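Build the complex: two chains, separate frames, hints provided.
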Amino acid sequence: MTSATTPAPTRGGASGRPALSHRLAERGVDRTLLLLLPGVVFLIALFIYPFAYGLGLSFQPLPAHHSTDPLYNYKQFFHDPYQRNTIWITLKIGLPAALINVLASIPIAYRLRGKVRGKRLLTTALVIPITLGTVLTATGMIEYFSGTGWLNRILMAVHLTDVDHPVPLLHNYWGVMLSLIISGFPFAFLLTLSYLSGIDPSLESAAAVLGAGWFKRFRHITFPLLAPGLAMTFCLNFVLAFSVFPSAVLLGDGEGKTHVISIAAYDAAYQEYDYSKASTIAMIMAAVMLIVISLVLTGRAQLYRGSSGGKG
Amino acid sequence: MTTLDTAPLSDVEPSALTAVGARRRVVLRPLSWLTWGIVAFFFLNLAGIVGSVVVKSFSTQWFNTWWPAGFTTQYWVESWHEFDLGHVLIVTLEVSLAVVVIASLVGVPAAYALARRNFPLKRAVMVVFLLPVMVPPIAYGIPLATVLYKYNLASSLTGVILANLVPSVPFVVLTMTPFIEQIDPKIEAAARMCGARTFSVFTRILAPLLVPGILAASVLVLVRTVGMFELTYLTAGTDSQTLVVALYNAFYGSGIRAPQASDAMSVLYMLTMLVLLVVALRFVNPTQLVTRVADERRGD
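So the sequence lines, in the order shown, correspond to chains H and Y. Position 32, counted from 1, in the first sequence is what the working numbering calls 929; the numbers after and before it change by one each time, with no gaps. Position 106, counted from 1, in the second sequence is what the working numbering calls 607; the numbers after and before it change by one each time, with no gaps.
Here chain Y stands alone, though its shape is the one from the complex (with noise of 0.2 Å):
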């Protein structure tokens, strides 16, 4: 592990002659100077594109100089009233909670059924499972918002719950099968022998074993949800949306608000999720946030 400063292990040929090492290490550096460089411009611009609307939310004014006249916190207290965010942080609160609670309820059980049992139209239930994933929310959600207004379902918090359930149903299932295979099937039929009836297999065995993938799911559904926009934008109406959707609602019909008010916001929806991330990456890892292939090869 002393070598890895340029290169990776795999990338130090282990027959190499000194020569042909020397060459390859001329070649080497300037691309990985160029990868990294590609990497930390990236970083620099993201920090530039965070930090200027953290600083932009304090400050008194600010235009056409490096820096803020002066820093307040009144926009803060503005924006808290003006966008009355303590109701809306209810609301994300209430709809995350729920979306979560009966994911893991509808889609556990699910998940239990496709990992262990193999049945005639397997694949097609597979399907129905993938495609809420798959299929990208805005072309769903305006039907799905549509038949939610038929049924007078939607601006409601219900409708906005069940708009959300639409993909976490699929995606608890997606993430708790390969957990609930990884689990001895005859840990159940020892269970079973003594006398124990589903009810309490799944209670007294698998609940305790599938602790882990729950909370994964669970967190990673929590994330999914506060950031969901399209389908709570689409269901919401003026006192059932969440934080993400009264963020983009501020900067929409911004105009007569100071900038800061938003972009206080915009820090406060930031922080929300920070804090989200640091819980979710205590149970997943990152790549597990953007892809249900859990990386069980990388060991550290």
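Chain H on its own, in the form it takes in the complex (with noise of 0.2 Å):
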């Protein structure tokens, strides 16, 4: 910073180069910058630093288990079925409504796309699951889905079952798989929709011109500029599976068939109150889910990511 204080010398002056602020502020470096401060601060110190501190206490586990093993945590994880198990619990459960919740969006946000009479009104309509969140729409789902609540009557109504054999959609993998149905698929309809209407209409009406029927259009149109959006979509989906812990608990079963990852750093942080081994839970949760992400994103990779005549 010597060299700020002195006059910014003029093009080519005694030593041949501006002064150092000058050749900062060439490359973007300015005082402005400093209003940027706050903010990466405040995440370093709330984010970046606490995981850097999660991921240092995993591999510190508590003075209680005798072991100086700095990979003590991961191989009791790793070693113990029921622990190992909540990562396919997991998997089994997201992916799959990620999945539904993709496949279901595509066929509804297609029918969409142009400008449909009622859409903005479909479109307000399905922001209410995602606004309620998954703690009420369990809520919901305890009293509705019930034995003795509305849609068990309606099934014994038109006679699909009876007292004795209420469907089971309550405290049981369904369950849970239910609810990331209802908050995730309108959560993917709204994306999918704003990919394709980033899609140029006039592309499918050229391809309609020369007589492709909309199938056709579909498949060769369409669906190739809409398919690095759609892992993207799935992508996003599939994180929010991270976030069932409030339905798992409330809708999922007690023996264990809905004991996901997030259930089981819950328990390490709060019931046994060992934190080492809660945050090597968050920490192998993460991994899954960078793992899972970056599969798919590298599937994306293959896909046509030319220009789709809109925003893409």
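These are calculated hints, taken from the structure and not from any lab test. Quantities reported herein were computed from a predicted structural model and do not represent experimental measurements. Where is the CB? At the ideal position from N, CA and C, for every residue including glycine. Hints are supplied without guarantee of correctness; some may be wrong.
Chain H is faced by these chain Y residues, among others (derived, beta-carbon under 8 Å) [claimed, not checked]:
{"id": "1", "residue": "V540"}
{"id": "2", "residue": "A541"}
{"id": "3", "residue": "L547"}
{"id": "4", "residue": "I550"}
{"id": "5", "residue": "N619"}
{"id": "6", "residue": "V636"}
{"id": "7", "residue": "I639"}
{"id": "8", "residue": "P644"}
{"id": "9", "residue": "V648"}
{"id": "10", "residue": "L663"}
{"id": "11", "residue": "F730"}
{"id": "12", "residue": "Y770"}
{"id": "13", "residue": "L772"}
{"id": "14", "residue": "V776"}
{"id": "15", "residue": "L778"}
Quick list of in silico lysine to aspartate or glutamate cross-link-like pairs, EDC-like style, CA-CA up to 16 Å [said to hold, decoys possible]:
{"id": "16", "chain 1": "Y", "residue 1": "K651", "chain 2": "H", "residue 2": "D1061"}
{"id": "17", "chain 1": "H", "residue 1": "K1012", "chain 2": "H", "residue 2": "D1097"}
{"id": "18", "chain 1": "Y", "residue 1": "K623", "chain 2": "H", "residue 2": "D1171"}
{"id": "19", "chain 1": "Y", "residue 1": "K623", "chain 2": "H", "residue 2": "D927"}
Structure follows, in structure tokens:
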């Protein structure tokens, strides 16, 4: 910063180089960047640091375990089938739910891609379940899907089931899955719709002029352009599956078939007060999520990424 | 706009022969019935879920019948006292307002710097701002809560506010950056030519132009903070829990209480969110509630 105090020489001054502040400013570094400082400091203190701290903590098992092996927590996690299976349970609930949500939203978003009457109303209505969130969805499902709830009464009235065998949608795998669909489907739909409206409609019109039917147009024009967006939608929807914690507790079964990884992490922290173990599980959770996302995004990189005529 | 009942405009082939058109109609009909059927089925069940909570919260007794035996507001009163909902609502209000104000104050200047400057480590800074939005809250919430407990900040209002700021600050930055990019830098240059200093450029030029963007970002952060379960749950103590956490605890620890009382709280939470949603939709379009990709092409 010494040269910053000297008056900025004119181009090709004595040293042949402009002042440091000048050179920095040319690369975009000036006092405006100070505006970034509070935000960056804040995130380093409350996001990067806790993450690094958690990572460090996961290699320091509690003294109660009498182990100096830094990998003790990780070994325990993968050694114990009850703990290890939480990964598969999470994937088994999250992946199909994300897939169903994305697949169901394609045809509906496709129908609504242009200017359609009632589009604003429908999108607004679909935002409601997202806004309500998983906790409220779970509490509502407890009433609606119960053995004496409205759904089972309707099914009994049309003789699809009887009083002794209500459709089991609570306290099992399906309850958790359904709660993910109820909050995840609108999310997937709105994302797909915004990707679809970014595709230039004249591309499809051109195909139509050349005589392509709607299926051919969808198969060869719209779908390839939409596919990268769908991959992204799938990823974001899958991430939502990690927020399944409240519904997995309220709607899952008590025996462990819906013992997802977030419950395992929570129990370690707040039931066993083993923060080191909890951090380990949180790190594993982040790793699993990153692996799935990078697999999907690697697949996405193989797809056509050219111009979609719109914002893409 | 008159033919759009079953087929959107772009489904109508401009040069289709009548025979082709007729055949396509037959193929199209069942598919469109199917898609609308799925949508209707979804909303029917959603209405059932929401409706049964509302009805139950007002019912005297409801077991094994289509409709409750009678109606009362008794459980609403009980719920209000039992869960100390007045206090919970005040906490929710304090937390969400604090988060909105601090996130805007920190986030908008950062968004300005990101929108206007290209600098060597910009990509790294962008990643720092993107990560908290992408990583699920429960994954970073547990280490974050551990750190907050270490510094004796958790279980307090401060801790809850700090935890909720983590996804909110990046959210404001990501929402505001495109807003700022579309403001012509020449306007600022002109103001500087006329002798305005940075502070007055901000307060007299940028702030008025950014009001719509700031309102949109604030309202989105408000909706997210009131609905944010994980981070609040992990950091809140008994007297610093927000409505959504109190709701979860009521259902998790239910058993001795009348279920109607918990349902009354569900309805209260639902009403809060719906009011926020109505307010939010005045400033943003529905798509923005789920993604920061503003759908600028939609002109309706």
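Hint check:
no. : hint                 : verdict
1   : V540                 : 6 Å, holds
2   : A541                 : 11 Å, violated
3   : L547                 : 6 Å, holds
4   : I550                 : 4 Å, holds
5   : N619                 : 4 Å, holds
6   : V636                 : 6 Å, holds
7   : I639                 : 5 Å, holds
8   : P644                 : 3 Å, holds
9   : V648                 : 4 Å, holds
10  : L663                 : 6 Å, holds
11  : F730                 : 6 Å, holds
12  : Y770                 : 6 Å, holds
13  : L772                 : 11 Å, violated
14  : V776                 : 11 Å, violated
15  : L778                 : 5 Å, holds
16  : K651/Y with D1061/H  : 52 Å, violated
17  : K1012/H with D1097/H : 13 Å, holds
18  : K623/Y with D1171/H  : 38 Å, violated
19  : K623/Y with D927/H   : 13 Å, holds
When the structure is compared with the earlier hints, violations turn up for hints 2, 13, 14, 16, 18 and for no others.
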